[in-house]
Amino acid sequence: MAAVTLSTKPAASVIDLEGVSIGYGKDAPPVLVDVDLSVERGSFVAIVGPSGVGKSTLLRVVAGLHTARGGKVTIHQDQRPGHRPVGLVFQDSRLLPWRRVIRNVEFGLEGLPVSRDERRRRAEAALKLVRLEGYAGRWPYELSGGQRQRIGIARAMAVDPDILLMDEPFGALDAITRHNLQDELRRIHQETGKTVLFVTHDLEEAVHLADRIIVLGGTPARVVRDVRNSAGRDGSVFRDQVEQLRSEIADNYSI
Amino acid sequence: MAAVTLSTKPAASVIDLEGVSIGYGKDAPPVLVDVDLSVERGSFVAIVGPSGVGKSTLLRVVAGLHTARGGKVTIHQDQRPGHRPVGLVFQDSRLLPWRRVIRNVEFGLEGLPVSRDERRRRAEAALKLVRLEGYAGRWPYELSGGQRQRIGIARAMAVDPDILLMDEPFGALDAITRHNLQDELRRIHQETGKTVLFVTHDLEEAVHLADRIIVLGGTPARVVRDVRNSAGRDGSVFRDQVEQLRSEIADNYSI
Amino acid sequence: RAADPVKLEIGYIPILAASPLFIVDGKGWAKEAGIELKLTRFESGPHAIQAMAAGQIDLLYAGVAPVLVARTKGVDISVIANSAVEEMVVAGRGAFAKAVGDKPTADSFKKFAADTGRKVKIGTQPPGSVPDTVLKYWLFKVVKVDPADVELVPMGIEKTQQALLAGALDAATIREPTVTVTQQMDPGVVLLATGAQMFPDQPGTVVSARGEVLKKNPEAIKALIKAHVRAVDLIKADPAGSAKLVNNYLGKGLLEPATLEAAFKGPGSNFVADPHKVVPAVEQMMAYTKEIGSASETVPVAEAFDFSFYDAAAAK
Amino acid sequence: MKTRNKIALSALGVIVFLLMWEALARSGVVPARLLPSPSAVPAAFLTEFRSGTWQQMVLASLSHYLVGLGLGTLLGVSFGTAAALWGRWDAFQAWVVRMLRPIPAIAWIPFAIIWFGVSEGAASFLISLTVFWINYYASYAAVRAVDKDLIELGYAFGQGGLIPRLFKIVLPGALPGILSGVRAGLGQGWMTVVAAELFGISGLGMRMMEASGLLATNIVVLYMVTIALLYGVSDFLFMQIQSRVLSWQR
Amino acid sequence: MKTRNKIALSALGVIVFLLMWEALARSGVVPARLLPSPSAVPAAFLTEFRSGTWQQMVLASLSHYLVGLGLGTLLGVSFGTAAALWGRWDAFQAWVVRMLRPIPAIAWIPFAIIWFGVSEGAASFLISLTVFWINYYASYAAVRAVDKDLIELGYAFGQGGLIPRLFKIVLPGALPGILSGVRAGLGQGWMTVVAAELFGISGLGMRMMEASGLLATNIVVLYMVTIALLYGVSDFLFMQIQSRVLSWQR
Ligand SMILES: Nc1ncnc2c1ncn2[C@@H]1O[C@H](COP(=O)(O)OP(=O)(O)OP(=O)(O)O)[C@@H](O)[C@H]1O
Ligand SMILES: Nc1ncnc2c1ncn2[C@@H]1O[C@H](COP(=O)(O)OP(=O)(O)OP(=O)(O)O)[C@@H](O)[C@H]1O
Ligand SMILES: [Mg+2]
Ligand SMILES: [Mg+2]
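Going down the list, the protein sequences come from chains P, S, Z, W and G.
So the first sequence is numbered by my numbering: it starts at 1 and just counts up by one.
So the second sequence is numbered by my numbering: it starts at 1 and just counts up by one.
So the third sequence is numbered by my numbering: it starts at 1 and just counts up by one.
So the fourth sequence is numbered by my numbering: it starts at 1 and just counts up by one.
So the fifth sequence is numbered by my numbering: it starts at 1 and just counts up by one.
Just so you know, the hints here were simulated from the structure itself, not pulled from any lab data.
Careful: at least some of the hints might be erroneous.
[Said to hold, decoys possible] Pairs of lysine to aspartate or glutamate residues, derived as DMTMM-like cross-links and limited to a Cα-Cα distance of at most 20 Å, are as follows:
{"no.": "1", "chain 1": "Z", "residue 1": "Lys236", "chain 2": "Z", "residue 2": "Glu219"}
{"no.": "2", "chain 1": "Z", "residue 1": "Lys121", "chain 2": "Z", "residue 2": "Asp149"}
{"no.": "3", "chain 1": "W", "residue 1": "Lys148", "chain 2": "P", "residue 2": "Glu142"}
{"no.": "4", "chain 1": "Z", "residue 1": "Lys110", "chain 2": "Z", "residue 2": "Asp76"}
{"no.": "5", "chain 1": "G", "residue 1": "Lys6", "chain 2": "W", "residue 2": "Asp90"}
{"no.": "6", "chain 1": "W", "residue 1": "Lys148", "chain 2": "G", "residue 2": "Asp90"}
{"no.": "7", "chain 1": "W", "residue 1": "Lys2", "chain 2": "G", "residue 2": "Asp90"}
{"no.": "8", "chain 1": "W", "residue 1": "Lys148", "chain 2": "P", "residue 2": "Asp27"}
{"no.": "9", "chain 1": "Z", "residue 1": "Lys38", "chain 2": "W", "residue 2": "Glu120"}
{"no.": "10", "chain 1": "G", "residue 1": "Lys148", "chain 2": "P", "residue 2": "Asp92"}
{"no.": "11", "chain 1": "Z", "residue 1": "Lys121", "chain 2": "G", "residue 2": "Glu120"}
{"no.": "12", "chain 1": "Z", "residue 1": "Lys144", "chain 2": "Z", "residue 2": "Glu291"}
{"no.": "13", "chain 1": "G", "residue 1": "Lys148", "chain 2": "W", "residue 2": "Asp147"}
{"no.": "14", "chain 1": "Z", "residue 1": "Lys119", "chain 2": "G", "residue 2": "Asp149"}
{"no.": "15", "chain 1": "Z", "residue 1": "Lys244", "chain 2": "Z", "residue 2": "Glu261"}
{"no.": "16", "chain 1": "G", "residue 1": "Lys2", "chain 2": "W", "residue 2": "Asp90"}
{"no.": "17", "chain 1": "P", "residue 1": "Lys26", "chain 2": "S", "residue 2": "Glu142"}
{"no.": "18", "chain 1": "W", "residue 1": "Lys148", "chain 2": "G", "residue 2": "Glu120"}
{"no.": "19", "chain 1": "W", "residue 1": "Lys6", "chain 2": "G", "residue 2": "Asp90"}
{"no.": "20", "chain 1": "G", "residue 1": "Lys148", "chain 2": "W", "residue 2": "Asp149"}
{"no.": "21", "chain 1": "W", "residue 1": "Lys6", "chain 2": "W", "residue 2": "Asp90"}
{"no.": "22", "chain 1": "W", "residue 1": "Lys148", "chain 2": "S", "residue 2": "Asp92"}
{"no.": "23", "chain 1": "G", "residue 1": "Lys148", "chain 2": "S", "residue 2": "Asp27"}
{"no.": "24", "chain 1": "G", "residue 1": "Lys148", "chain 2": "S", "residue 2": "Asp183"}
{"no.": "25", "chain 1": "Z", "residue 1": "Lys216", "chain 2": "Z", "residue 2": "Asp149"}
{"no.": "26", "chain 1": "S", "residue 1": "Lys26", "chain 2": "P", "residue 2": "Glu142"}
{"no.": "27", "chain 1": "W", "residue 1": "Lys2", "chain 2": "P", "residue 2": "Glu191"}
{"no.": "28", "chain 1": "G", "residue 1": "Lys2", "chain 2": "S", "residue 2": "Asp27"}
[As the list claims (entries may be wrong)] Far from chain G by the CB rule (all over 12 Å, computed), these chain P residues:
{"no.": "29", "residue": "Thr5"}
{"no.": "30", "residue": "Gly19"}
{"no.": "31", "residue": "Ala63"}
{"no.": "32", "residue": "Gly70"}
{"no.": "33", "residue": "Asn104"}
{"no.": "34", "residue": "Ser115"}
{"no.": "35", "residue": "Glu142"}
{"no.": "36", "residue": "Ala175"}
{"no.": "37", "residue": "Arg186"}
{"no.": "38", "residue": "Arg225"}
Since we're looking at a predicted model, the values are computed, not measured.
In this text, a Cβ means the ideal position worked out from N, Cα and C, and glycines have one as well.
Using the sequences and the hints, build the whole thing.
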């Protein structure tokens, strides 16, 4: 499935896309073309762009779930036993309907050299992170939309990945829950130095969290803007900056 | 399925909930209790509250998809041939996988006294509204998350309902698309006088669109706040007002 | 009369003993007598009897045993003529055939069982059928085999042949035309006992009819029986011609007429139309059936026979 | 995989199969008179075809098969769906079905004879019986497994009435499962053709029995191959149609 | 619906069925000797039970059935899953399967005899054959219909290897369909028991044939009821287990 080159050589960047073009089917026009992207280790990159531009597709290619039509995708991964190099939060929560919540969270840990108890412990910690510790025994169908999405986040967090790919992870969450999770995410990012690739449609969120914002646009889509964001790191978001970026991005949008 | 009283008597309100309590299963504790809610004809009501509080559940009860445990639910509906009294946008887009996009949008129109051509025409208009006119012939699995959500909106719009129930309809949309659709929705609401019940987790959106904001909170949840919002109607959103409401609501949140 | 022929549905089992029926139909004798025949093939007697009991067929060429059994169950059918006797033979193959030769004795059975460490497996049809009864009679009354040395395996007619050829059985009761066919195919197949050796005048295939039909169309039945008698005579007089005709019904494209002719001439074919002659043997067989417990009640055999049609046919 | 590769692989499979069969037949492991080699089939076919028997038998069996298959499928899907939809009806018939289900075709023969006589109808009846059960269970399970969310969607958009719910949600949603049942029935029907022609109804099955009784195994195998081809073609066509109908499945 | 109501309805169904049967048997529409009334069954049971025949036959058939069912189900699910998973293997075997599928149990009997002799093994072999096909097709369709998104999820979380993918995603996802196949096989197995005992292997089927040859229809019906009960109980238990296993389905 993966058409991604995995490299364990040390490098400053963790994800390298060179001239990547991506499409569905054989004869359909490409969705993304000429994507060059180098993500530094420990950086927090937000990806924004209009609906249907190819954000999820890009993430799926980086995760090795979809094969690019052309170009080169390289992931520089560390070997840390008990961890997965990449953790992915899907846009739809995508829970396994036949597993209870806790077992869904444990899913990515299975097959790792991690004891049963340790697995359960890590899953419970992840559940706690998303404030759903009381829901371990539920079936997925017994959850609300936002709860389901949070389980998806917990599942990705549980594998403690070096690279965290998140596809609109807070999309279905109310403001308060969202804020809490944003704070958690920022804390984790700062403490563990994970690399985060974060798709969002909320510019404020992007500015708030990311130190770099990539804007996709056009048909076929390409990287139309690549902004370093100084606001994110020290936690103070300046409205002006958001506004400026917003209008800047709006110019580049093409729906 | 519906445990809703349908009334065709003229009334100022279109939706009347009296002492409604709602729960899943038989022995599980209730999700919502003591909900009294009267929605006036032509009003635009936003429902906010933390994830898992019961917003979707409330909407499903109003739509007659879930039976309340206690209390009385009344819908005052007009008889307009060629229209459905209620249109619902699900939180998950919930498309029929075996129907192409256009046929998914037509779904609610089937069974109404509407000719084939008229049906197609209305579906196409609804598709155009959500800016997906080029996607009529696609299968649902060929859509992005945001596109899917917009098809769900188009489907509800196509039946031209008196009451529009929307469960986080713009949750998966980027800022620009979202703005466009918000404007469309406001226009439609103002022009047609539809009653809109709108679940959102975006306070700004609530203030921007609604003339009344209902806040759900607590376990079991009840209506903790019912705010008339003067900002929405004239289209000018004042930051201060948002901020004030936000902090007011935050006090009432209990996660 | 010619304008309104009597319609008769006749069931048969695809064995050589049904040949008179094929000749009657093939020669057009039935049509001459103003009878329209419809032939229906059945795989086994019980199936045919069930159809007869349900009123779906009028006459039947099948073994005498199912007819008698049906009568004990209150089905109104009678034997009106005989077709063949001494049909069943015992054929052996392989090591067993070599060991017992063509003069099987109780000792040779015992020796074979001791040598191989297993019972002799003999295939036949289910208890109550003619093959089962006459085989047991031969084994235990004629050869006086120790029951501990043999295992009887009940199965369908055609399965018996297959199992024999496949080597799953040491011996089996088979009948024409299979006897000839099997021997042609596998020279190792040996006749251990002929029908007469197994059970003198061994009853076989008879012609039976529903009482209702007998009452309704006595003239037609009489004519049919007359044709039947004629057919039996023809087989004896002209086996080659008969074989050609019968081949159209039995194994068309599957058998050479020469094979059928050989079968007609072989020891397994003995056509007798007179029902009177078989009554004592049937009585004897019924008695034995009761003795070995495959039947709980004996039927007064003579009552099962209605000689009037044969007598009328033979008299003219 | 490309269609060309697929066809090549399938052909390879059949060739390997035929070679193994030929080898088995020649090796003498299986007595030659019980298993003729595949190379004996063409000659047998010519004889049977020239005499017209082949065509006659094929047509006869085909008609029993088609009638039985059609009826069994229709009724099986209907009853299975009904049982899955209405809890009351399901409970009412559950144990009756359990009593009738395991009754083998052979045991139904007397009833077939009583109800239909020794006729084509009886054969079709027996075929439809086995086909019925397979479709009954497949449909039952498929309808049960239809996504409840989609049914809710139907109610939300005025398609909650029996007819629209059934035809717009339940049946399309259960279609993959139902079609898998239909496909299984397609084969089961042919398997039953032989048993259904055991009692005097002419067709492939009867001819096979006759040939087998006279140990003409090459004819038996000819008809087995005939059935295989008839089934193979119908199954292939069914798969083509199915992949069209289910093109919405990735 | 409450369990109590369900049981009551089921009992009602059986009673109505038995009454209709009794009425049919007494009415004389069907000759009494072909269809005994249900009230004749207990007497027949007593005779057969006292002589020990009943127990013996039931045990014998049960052993053929269980072995055949187990083997057929296991192999059917395995081959069906394999074919659905690997396009190459699927293409390779597609037409061979099409050739083997419609061969009726009766036509396999010679092979059963050759390979197993007239033995219990042969009966189990024949039973497992029909069970195999049903499970093969059910599993094939079910595995094919597994949500591709979930398989993708597996790859994303390091469960894309054959073993974890198979056991953590494909099989659980296909389980409802596979179980429906197993259930259909449960009944088909009993239907075949009778055919599989036609050639000299003792058990219920043989006893039924014997009795039917002697037109002892009350004995035939006794064994039919016996089969019905055995099947009914096993199907009921299976359903209980199934609803446990699939409790994640709404
Ligand atoms: N089928 C069910 N069975 C049991 N509990 C359920 C079921 N569906 C929802 N719940 C519970 O009911 C509560 C309310 O769910 P609901 O979907 O209404 O929340 P919500 O307010 O829409 O949340 P969100 O913003 O996350 O979508 C949640 O705590 C959820 O876990
Ligand atoms: N399986 C598919 N087959 C064909 N086209 C597809 C398929 N999946 C997605 N697409 C198309 O590819 C484009 C990019 O899709 P993608 O899901 O990456 O968008 P996105 O940027 O994530 O959008 P959103 O914000 O709405 O989630 C869309 O136009 C979509 O219609
Ligand atoms: Mg997306
Ligand atoms: Mg919700």
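Going through the hints against the structure:
1. Lys236/Z <-> Glu219/Z: violated (26 Å)
2. Lys121/Z <-> Asp149/Z: Holds, because 9 Å separates the two Cα atoms, which is no more than 20 Å.
3. Lys148/W <-> Glu142/P: Between Lys148/W and Glu142/P the Cα gap is close to 13 Å, so the pair holds against 20 Å.
4. Lys110/Z <-> Asp76/Z: violated (45 Å)
5. Lys6/G <-> Asp90/W: holds (9 Å)
6. Lys148/W <-> Asp90/G: This hinted pair is violated, its Cα atoms lying about 33 Å apart.
7. Lys2/W <-> Asp90/G: Holds. Lys2/W to Asp90/G sits at ~13 Å (cutoff 20 Å).
8. Lys148/W <-> Asp27/P: With Cα atoms ~36 Å apart, Lys148/W and Asp27/P exceed 20 Å; violated.
9. Lys38/Z <-> Glu120/W: Holds, at roughly 15 Å.
10. Lys148/G <-> Asp92/P: Since the Cα atoms of Lys148/G and Asp92/P sit roughly 14 Å apart, the hinted pair holds (cutoff 20 Å).
11. Lys121/Z <-> Glu120/G: With Cα atoms ~15 Å apart, Lys121/Z and Glu120/G stay inside 20 Å; holds.
12. Lys144/Z <-> Glu291/Z: Cα-Cα ~15 Å, so holds.
13. Lys148/G <-> Asp147/W: holds (16 Å)
14. Lys119/Z <-> Asp149/G: Outside the cut-off at roughly 62 Å; violated.
15. Lys244/Z <-> Glu261/Z: holds (8 Å)
16. Lys2/G <-> Asp90/W: Since the Cα atoms of Lys2/G and Asp90/W sit roughly 13 Å apart, the hinted pair holds (cutoff 20 Å).
17. Lys26/P <-> Glu142/S: holds (14 Å)
18. Lys148/W <-> Glu120/G: violated (46 Å)
19. Lys6/W <-> Asp90/G: At roughly 9 Å apart (the allowed maximum being 20 Å), Asp90/G and Lys6/W satisfy the hint.
20. Lys148/G <-> Asp149/W: holds (19 Å)
21. Lys6/W <-> Asp90/W: violated (43 Å)
22. Lys148/W <-> Asp92/S: holds (13 Å)
23. Lys148/G <-> Asp27/S: violated (36 Å)
24. Lys148/G <-> Asp183/S: Cα-Cα ~36 Å, so violated.
25. Lys216/Z <-> Asp149/Z: violated (52 Å)
26. Lys26/S <-> Glu142/P: Roughly 14 Å separates the two Cα atoms, so the pair holds.
27. Lys2/W <-> Glu191/P: violated (50 Å)
28. Lys2/G <-> Asp27/S: holds (15 Å)
29. Thr5: holds (16 Å)
30. Gly19: holds (24 Å)
31. Ala63: violated (6 Å)
32. Gly70: holds (22 Å)
33. Asn104: violated (10 Å)
34. Ser115: Given a closest Cβ separation of 17 Å, the condition holds.
35. Glu142: About 9 Å separates Glu142/P from the closest Cβ of chain G, which leaves it inside 12 Å; violated.
36. Ala175: holds (29 Å)
37. Arg186: Check passes; 24 Å lies beyond 12 Å.
38. Arg225: About 28 Å separates Arg225/P from the closest Cβ of chain G, which puts it past 12 Å; holds.
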